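Novice: Here is how the chains run, residue by residue.
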Amino acid sequence: MSEIRFEGVERRFHRPGGNFLALENICFEVAEREFVALVGPSGCGKTTLLRMAAGLDFPTGGRVLVGNREVRGPGPDRAVVFQQFALFPWKTIRQNIGFGLKCKGTPLTQRREIIEHYVTLMGLQGHGDAYPHQLSGGMQQRVAIARSYALEPDVLLMDEPFGALDAQTRVLMQEELVRLARDNPRTVLFITHSVDEAVYLADRVIVMTPRPGRISAIIDIGLVRRTERWIDCEHIEEVMAQKSFVHLRSRIWRLLRGLESSGETVGRAMETGVG
Amino acid sequence: MSEIRFEGVERRFHRPGGNFLALENICFEVAEREFVALVGPSGCGKTTLLRMAAGLDFPTGGRVLVGNREVRGPGPDRAVVFQQFALFPWKTIRQNIGFGLKCKGTPLTQRREIIEHYVTLMGLQGHGDAYPHQLSGGMQQRVAIARSYALEPDVLLMDEPFGALDAQTRVLMQEELVRLARDNPRTVLFITHSVDEAVYLADRVIVMTPRPGRISAIIDIGLVRRTERWIDCEHIEEVMAQKSFVHLRSRIWRLLRGLESSGETVGRAMETGVG
Amino acid sequence: MIGAAPILLLIIAWFAATGPLGLIAPLKFPSPAIALASLETIAGPGYASAPLAEHIETSLSLVLAGFAAATLTGIPLGLLLGTSRYANACINPIFQLLRPIAPIAWIPLTILWFGLGGGAKIFVVWLAAFAPAVINTQTAVRGVNRTVIEAAKVHGARRVNLFFDVTIPAALPGIFTGMRLSLQACWMVLVAAELVGAYTGLGHVMIIATEDLDSGMIFVAMLCVAMLGVAMSLLLARLEAWVLPWRR
Amino acid sequence: MAALNGPTPAVRAGTLLEAWVLPAFGIVTFLMLWAGCTAAGLAPARLLPGPGAAAAEFIDLTHTPYSGAVLQVHLLASLMKFSLGYGLAVLTGVPLGLMMGRYRIVEWAIAPLYESIRFIPPIAWVPFSILWLGTGFLAPTLVIFSGAFSPCVLNAYRGVHTADRAVLEAAQTLGAGRWATMTEVLLPAALPDIVAGLRVAAGFAWQSLIGAELIVGSTGLGYLIIQGESNLSSTVVVAGMITIGLTGAAIDFAMLRAERFVRRNWGQ
Amino acid sequence: RAADSGAFPLAIAQQPQRWALEWYIATKEGWWKDVGIDPTMTTFTAGPPEIAAGASGSWEVGGAGDLPSMLGAAKYGLTTIAIADSEAAIITLMATKDKADAYLHNPSLIKGKTIPETSNSTGEWGAAACLEKKFGLKPSEYHFVNLSPPEINAAVSSGRYDLAQVWSPNVYILESAIGAKVICNAAQVGVPITSNIFATQAFATAHPEIVAKFLAVYLRAIAWEREHPQEAVADLGEFFNSVGVKIPPAYLAQELHARPAYTLDEQLKIFGANTAGTPEIVDWWNQLGTFMQSVSIVSETPPASQFATDKYLQMIAADPKLRAFANDDTP
Ligand SMILES: Nc1ncnc2c1ncn2[C@@H]1O[C@H](COP(=O)(O)OP(=O)(O)OP(=O)(O)O)[C@@H](O)[C@H]1O
Ligand SMILES: Nc1ncnc2c1ncn2[C@@H]1O[C@H](COP(=O)(O)OP(=O)(O)OP(=O)(O)O)[C@@H](O)[C@H]1O
Ligand SMILES: [Mg+2]
Ligand SMILES: [Mg+2]
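Protein chains in written order, with the working numbering: chain A, 2 to 276; chain B, 2 to 276; chain C, 105 to 352; chain D, 78 to 345; chain E, 7 to 337.
With the rest of the complex left out, here is chain A (with noise of 0.2 Å):
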């Protein structure tokens, strides 16, 4: 019992000037155990939506469920890793990432276990004790995957998480996330600027309109990798490589573009099915 429903969320801010509307009938959810990526524009209100599902902003309009319950608040069921890191400057990159467990009462060896072994999965060894601040860009977040990934949690928001990673980290991590997703699929919610990625990790994409944001299609992404069999793919090329793969990658870049005139667009959201 953990998907994520949005129904006619509105979102405005008080700004000096008067009312600001981010977000305008948002409607959707995320099936328990389904990866739903969203893309859209900077500023479309992205983080505004992962924010009110983490239950850390709430809809001045409409209602955001999670679980068939309301969101009134944080809870260690939803893990979310922050656009902008925010690890704990005091604490050493091995505490930062032992903070979930330590909140949930882990027993210490357990625990140690644990951290070691993302330690070890995020190429942080030598650097365990080591603050923050002393960390480059990339190194921190992928401190705070691991201390979002330590938890475990059934819901998974990702706030564009690998966006300051390099290259070779960003595409392990894609392999590792698709791996987890298959081995222990959980509920995901991810936001990524990067559309091979979405069309990569997801089941399904969400993609939003500029300001304020509204939801312009939704693509299932699903059915074609279950009847393409992607998943026998080792590495991500093969799957980029894909003709299928290509087909939608363009097709969402097409309506990033602008390329579909939003008529259609919205035609489209509603025979995808789903808000």
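Please keep in mind that the hints were generated in silico from the structure rather than gathered at the bench. Model, not experiment: these values are computed from the prediction. One thing to keep in mind: the hints can contain errors.
Which chain C residues face chain D? A few, computed with CB under 10 Å, are given here [claimed, not checked]:
1. A108
2. L131
3. T281
Covered stretches of chain B, as calculated for chain D (at least 3 residues, CB under 8 Å) [claimed, not checked]:
4. 67 to 80
5. 101 to 111
Quick look at which bits of chain E chain C covers, simulated, 3 or more residues with Cβ under 8 Å [said to hold, decoys possible]:
6. 56 to 64
7. 119 to 127
8. 144 to 158
9. 161 to 171
10. 301 to 314
Virtual Cβ for every residue (Gly too), placed ideally from N, Cα, C.
Once you've looked at the hints, dock chains B, C, D and E with the ligands against the given chain A.
Specialist: Showing chains B, C, D and E with the ligands alone in chain A's frame:
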């Protein structure tokens, strides 16, 4: 006279556990009006290199010269776009963009004009009087870029400037940067995690090894670009479709993936000449 | 933060101004010779009913006790006011109303409640040192980065975790600023505290020397207070560096 | 639907509660405790009058002169000395603190002297200030200055040190000169700390003012209190204390508003 | 301001003490005009800050207890020009209502007591003398605690302390407020204590005639008080009120009576102008000097010749008009 030269640069950091060697024997130069991109795994010392050129950090060995003079501190001749935005939280978007101009003493009316130009260019219309914390991450980065561009400096130092941008804006910015470089070329040192971006933008791409950061290879793009006349393509996708582009791209990818042995790499660095 | 050279320069300037240049009359500010004579007097036979060591001991223990009391009460209150908006709304007005009242003005009530013994003096020191600890702690707690708090919350931090793992470490730099100011307030209020019936103490020396118009002795007492203050502040800085290794 | 009300109404109810109900509750509880203590005889009225008696005296003092003047005149005298000494401390202390935080050389030159002087009790300056400046306006001003100066310096200095390094670096690379760096970057970056320092400084300044007036001066709230104390008129003492408290609280309130304003625009 | 009326501007230091009444009367009666002086009064709560302020030129003439006067003489040559009043009778040791009789009856009960007092003051001198001479106690048999007079009031009225060294007007305040009783005063044990009128040396040398006129005004007020005792009492009440001293009216007459002031002729006698040998006043000051040295206020006391002078008293005596003025003989 605004070329950047690194001469046998080394940088060690003090860490509780002892010295930490971040950069070792870095030798390369960015010729006047040349566009050099720096790629390498996260934590390999790219930001540190850039900070030295900016005069914000200093080598523990070797020296860094800009315009034949050793770098002693920051200055408005070298504009920096930071990986983590570094906007002034207490200034509105307009004030942030106009800060450098104000320091330079540009008259108010002219300043206003320039600010408006960049607000429009970066798609920040309607946010001119908002404070940075009211903007999305991508918008903040656009403000940071505008702030540096507005100064029209001789040397541009950019640390993953497009990392937080959405795909759309990113392409727009890349195209704008290429246009700028064509119309009014500047000396640019550009850090990116995107190999595509590096190949598309740079005259030369410098590939670095992981910890301690060393130069693994220097790949000349400019020659190919000129002979293959990429400049004739209107859109980035067209360039990316070219054989020559794909070839260069996969070569750098292979370097990064460590598919080429380090001995070979050094040989190649020699062969490409600079250092 | 302490360099020796500027102090040396200052001492030379002092010698020159009071001695050869004759810029300052001895009554208005003592010359080094007079100050030294006063120091000899108080260190040897004593002044204001005791030798210097005894005065120092009295004042030092008074300041330590007052500082400890102020820290142990002020920081918790600051944390409470900083974390709970309702507690803040409720308690802050009273705190703000009572805070500006100078410790000296409390002396009659102090004598009533504590007599003229050590308790009264500690109470006066506490009165002065309490507010800086509260205010800086409160400000520090309020200023904790919001994203970091959110990050903690989404990782399952309950109130306890939030408090001990986020609020406190994030506020510690501010708390230390408060402690430094609080320590300073302790020394600043020494004279007032020792107005409450003192036999010995540096504040007492200052009072007596003031009444005697003995600028040399006032200077010696000021110097002792300053040096003790600096020493304690250095210790506090050490403590801070040890407690906050994550700061540059 | 429940969700439709969103966060806004809840926030509004919170501010009403916060702005009026709880503070009033706090003050009333305090007054009741006070009245209870005096009524129960925990403190004789000779030393601590009840709130009623104090309030009556307070009103009385506003039109009957005590120690040569009515309450308002005493208050004005104190405020004048306060503003001069405090203003001077802020205008010199904050820039000095910023400079110390910014420039190693200034820190090196000033810190030792500053570090040692700040522990000296302001009252200890009374004899010297009288010897140097006489009994006019200036002697109490010097004493107040000595009390308020160091929190200004310390917090400005701290503010610079805790400021976001990246922002400072950004300013430098944008060609900010010394002046622009100071006024447009360091000052605003350190402002939250500085304002906290100003609040503490205002407290110290008030305390030193009262101390100074106890010894020199023939007007002012401190003088009023000491006269009341001499005469065993505890109502005058408490009325004076209340005036000091209210004035101090008003000053503090102004500071707090400034701090809120700063924080809001800083996005905290 | 001064230039308009042609009067000489004179800065006077006073304290809320009985001996400042003379200037209050002079102002009220308008006598300053007669001698061409335009006075500005500064009120100090205690002697030491007043003396310190004199060093920075905050005032030119004034009055204070004899101990601060001598301190000023030792530090920067303050010159005493007359006696303001004799106050041994109001320097007292007081006990609370319930204990006073017991202590008087059986002084050994005082042993081991903590006695609030004001250190390094004539009050301490008087209290110590009382304890030694009247009650036969050695300094080791009791504890003095240093408090300023207002705090002594608070300490005694809090009920925690039942003995204290007190001087007026606090004597009356404690008496009326909590019924405390005087169990000894300095006069009873022969300690001579006065308050003095003085001028800074620099001013006295520059303007001797002004100093003489200023003193004449003061003496005239003393003579006037003798002739108008009722009015004097009322004026004292008014004066105290204006400087914030509140004592019950019943005590005003007592205060005037307990602190006698001296007319020109009496002053001349005390200063020994007309007799051979050591003047009475020199003997008083020697005793005071011994006390001050014993509590190390000063390391050596200035000789009487340097400390005080009857020069200005003599100037008044020598000038018939001024003499008549000072004796309030003018119609
Ligand atoms: N606290 C706030 N006050 C006012 N406006 C805000 C606030 N937070 C966000 N906004 C506005 O809401 C809009 C959406 O912001 P959001 O951060 O959700 O965008 P985003 O889609 O995540 O963008 P990016 O991809 O650049 O991170 C933006 O226009 C932003 O300016
Ligand atoms: N102040 C510091 N103290 C200690 N170590 C540091 C400090 N700054 C950087 N380092 C270390 O130096 C190395 C290089 O850091 P740098 O920020 O230059 O990497 P980068 O190449 O920019 O990485 P990224 O692509 O992730 O931003 C890292 O290993 C980092 O931990
Ligand atoms: Mg975002
Ligand atoms: Mg970097």
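Novice: Does each hint hold? Answer for all of them.
Specialist: Hints versus structure:
1. A108: Cβ of A108 (chain C) sits 8 Å from chain D, so the hint holds.
2. L131: 7 Å, holds
3. T281: Nearest chain D Cβ about 5 Å off; hint holds.
4. 67 to 80: holds (count 6)
5. 101 to 111: holds (count 4)
6. 56 to 64: holds (count 4)
7. 119 to 127: Per the Cβ count (5), the hint holds.
8. 144 to 158: Satisfied; 7 residues make the cut.
9. 161 to 171: holds (count 4)
10. 301 to 314: It holds: at least three residues are needed, and the segment 301 to 314 of chain E offers 3 whose Cβ sits within less than 8 Å of chain C.
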